[in-house]
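> Here are the chains, one letter per residue:
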Amino acid sequence: GDSVTQMEGPVTLSEEAFLTINCTYTATGYPSLFWYVQYPGEGLQLLLKATKADDKGSNKGFEATYRKETTSFHLEKGSVQVSDSAVYFCAPRGNTGKLIFGQGTTLQVKP
Amino acid sequence: EAQVTQNPRYLITVTGKKLTVTCSQNMNHEYMSWYRQDPGLGLRQIYYSMNVEVTDKGDVPEGYKVSRKEKRNFPLILESPSPNQTSLYFCASSLISMNTEAFFGQGTRLTVV
Chain A
1 GDSVTQMEGP
11 VTLSEEAFLT
21 INCTYTATGY
31 PSLFWYVQYP
41 GEGLQLLLKA
51 TKADDKGSNK
61 GFEATYRKET
71 TSFHLEKGSV
81 QVSDSAVYFC
91 APRGNTGKLI
101 FGQGTTLQVK
111 P
Chain B
1 EAQVTQNPRY
11 LITVTGKKLT
21 VTCSQNMNHE
31 YMSWYRQDPG
41 LGLRQIYYSM
51 NVEVTDKGDV
61 PEGYKVSRKE
71 KRNFPLILES
81 PSPNQTSLYF
91 CASSLISMNT
101 EAFFGQGTRL
111 TVV
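If you're matching them up, the sequences are chains A and B in order.
For the first sequence, position 94 (counting from the first letter as 1) is numbered 94 according to my numbering, and the numbering increases by one without interruption.
For the second sequence, position 88 (counting from the first letter as 1) is numbered 88 according to my numbering, and the numbering increases by one without interruption.
So here's chain A without its partners, still in its complex pose:
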């Protein structure tokens, strides 16, 4: 079945460090790809998305590129801040409408 593999956390970085969170997926057909972020005590909110191959989604300094050939959608940010500490979820969405979530990656940024 459809699935998502994210790098295991927690990931601990110092402020202004470079961030990469890897995400690979298996999905039927040609899904759209999303990254969601969950701040402590809150629900999930959309961080960015890409809907076709080679599209780059970006928001708040985060970027991810839809790589169809490697079925990957890695999240990157050039300089993280303490306020970026959260749980990040990669999630493809196929034509059934269902979002497939990985286990999530916890990011902790220290001052």
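Since the hints were derived computationally from the structure, they do not count as laboratory data.
You may find that some hints are simply not true.
Just a few of them, taken from the derived set where beta-carbon distance is under 10 Å, the chain B residues facing chain A [unchecked claim]:
{"hint": "1", "residue": "Pro8"}
{"hint": "2", "residue": "Pro39"}
{"hint": "3", "residue": "Arg44"}
{"hint": "4", "residue": "Phe90"}
{"hint": "5", "residue": "Cys91"}
{"hint": "6", "residue": "Ala102"}
{"hint": "7", "residue": "Phe104"}
Cβ coordinates follow ideal geometry from the N, Cα and C atoms, glycine included.
Since the structure of chain A is already known, use the hints to place chain B on it.
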């Protein structure tokens, strides 16, 4: 303001006592779903609905019921809760198109003792 509202935010109950978690959205979305979030497992879909009176099982439907009598509401019903249903629950809504984002509620922390 576009939002998905869940109630209650926190609930402690006893085994076997029926409960309902409400979910309402104000965006006229066709697609609504319930997820549970457990440590190390991410979010797993419980039930979903593609429109009024249309519901279907997700990945972990056992022990849960839903209904969709109106477009905006999608309650989650636990007829006889058990301790293994202790979890964090999220309701989400979206348009049907797979290119569109889902909006999530704030979550309901349920503890069954």
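> Could you run down the list of hints and mark each one as holding or not?
Hint-by-hint comparison with the structure:
1. Pro8: This interface hint is violated because 14 Å lies over the 10 Å limit.
2. Pro39: With Cβ-Cβ at 9 Å, under 10 Å, it holds.
3. Arg44: With a minimum Cβ separation of about 7 Å from chain A (threshold 10 Å), the hint on arginine 44 of chain B holds.
4. Phe90: holds (6 Å)
5. Cys91: Because about 9 Å separates cysteine 91 of chain B from the closest Cβ in chain A, which is inside the 10 Å limit, the hint holds.
6. Ala102: holds (6 Å)
7. Phe104: OK, holds: phenylalanine 104 of chain B within 10 Å of chain A, min 4 Å.
The structure fails hint 1 only (numbered hints given earlier).
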